[in-house]
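Trainee: Residues per chain are reported as follows:
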Amino acid sequence: MDDVRLAVRRLIAASVRPGTSTGMFLHQVCRTAAQALSASGAGISMMTTDGTRGVCAASDPVSERVEELQFVMGEGPCMDAFATRRPVLIADLGAGAVSRWPGYAPAALQDGVRAVFAFPLQIGAARLGILDVFRERAGPLSATELPMALHFADVTVEALIDRQSDAGTAADADSLAVDVGHGAQLFQAQGMVMIQLGGSITEASARIRAYAYAQDRRLDDVASDIVARRLRFDKDQP
Amino acid sequence: MTTVSAERLAAIFVEVADTLVDDFDLIEFLHMLTERATTLVGAAATGLVLADAHGRLEFMAASDENVKLLELFQLQYDQGPCLEAFASGQPVINVDLAGASGRWPRFAPRATAAGYQSVHAFPLRVRSQVIGAMNVFGDHRGGDFTDADVPLMQALTDVAAIGLLQERAISRGEMLTEQLQSALNSRIALEQAKGAVAQAAGISVDEAFLAIRAYAVGHHRKLTDLCYAIITERGTAERITSA
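For the record, the sequence lines run as chains A and B. Counting in UniProt numbering, the first sequence runs from 1 upward without gaps. Counting in UniProt numbering, the second sequence runs from 1 upward without gaps.
Note that these hints are calculated values from the structure, not bench results. As the structure is a computational prediction, the values presented were derived from the model and not from experiment. Beta carbons: idealized from backbone N, C-alpha and C, even for Gly. The reader is advised that the hints may include incorrect statements.
As the list claims (entries may be wrong) - The calculated EDC-like cross-link candidates involving lysine to aspartate or glutamate, where the alpha carbons are at most 20 angstroms apart (straight line), are: (1) B:K68 - B:D206; (2) B:K222 - B:E233; (3) A:K235 - B:E233; (4) A:K235 - B:E238; (5) B:K68 - A:D221; (6) B:K68 - B:E35; (7) B:K68 - A:D80; (8) B:K68 - A:D220; (9) B:K222 - B:D23.
Said to hold, decoys possible - Chain A stretches covered by chain B per the calculated footprint, using a threshold of three residues with CB under 8 angstroms from any CB of chain B: (10) 86–94; (11) 122–130; (12) 144–158; (13) 189–199.
With these hints in hand, go ahead and build the complete structure from the sequences.
Mentor: Following this line, the structure appears as structure tokens:
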């Protein structure tokens, strides 16, 4: 499984130069994901917790239109995936999806999209947006494509979190060593640091990652120090 | 451990049926199930792991949620009874931990150090697919599940799978993936919430878990919804403290 993770990281790292804007970064993730998953396109919408949309990106104009469609119609797999915090995998938009999304499904089919796979960009309670993968043909993602798509979502979340802190450029393939493990302690540490900072869980996550990069330490070891109360973060400290 | 009593097993199935109503919390349900499984067979602890999309086993719930036990589940991503039951689809029973350090060089000594003497694991199946495992730890040497106990414990494990599929009717194959991912993410949110409450209240994460669970019961809230609220709604973590 680490092979898939590394492959996805490399694909993303290779397509993103340091210093690119978030919009351009997301655009590149969409293009890379579409290619790797034999999809006709992909789209990402960043969303705030109240469901309003922020930055968005797509691999191509058609995908952009379909991504846009959900927000025009106020319904679609992406909205559902965000609201329910779970992937929404629709292998055939023609089968039953029309009654679920009477506005969205016919319009997406009109644009040539037959299958939509929506993946939340989230880590526990931290929710950033949705990655949508579109296909012109009906059919599920294969047993190798599905884990890869989930990795695209994970790696995108990590990169977006890193962009919140100044450690942004560290999110390349080499940082693999940093995030192996992801045990319960890392998530507990995120919750603890969130309270220490009086901020959001995403900020807490960004600060912990930035600290690990800066100190050249494994994320799990830093998390362990936080949970054991050997390390704490303060609001004012950079 | 003693032979499973049919009456007690029947009582558990009735409780399960009562729980599986429209609006139940999956993690809370799995906690209940692991607690009942533990008392049913007189075990020391029982836990449940689910495989993520990459086939890695992630901890979901246990009868006794403490740091030491959690570690034993995290260790099993590359070795241990859960991984064997998951990979083979067959139960692993009555393994004496003291003699298992050749089989599981990292897992067995840690489990022994945590005070356990025997271990068992049952595959968690949905149709033909194995999606996780239930892990039973005993404090008796070698354990002593009888031949008759094994299918009963397997049945109890199958109940966990029913709970997993219950939230919505699984009419499409993709729904299992959706449901599994949702369950795994809920578990992450629970860990984040434990951390937040531990920090806000100045208590350990183990104590924080108990406080969160007690608050959920006391305020009639679903455990998972409460965990999301603790992280996303300011001031909620502090309220658990004063509960």
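Trainee: Of all the hints numbered above, which does this structure not satisfy? Sort the numbers upward.
Mentor: 7
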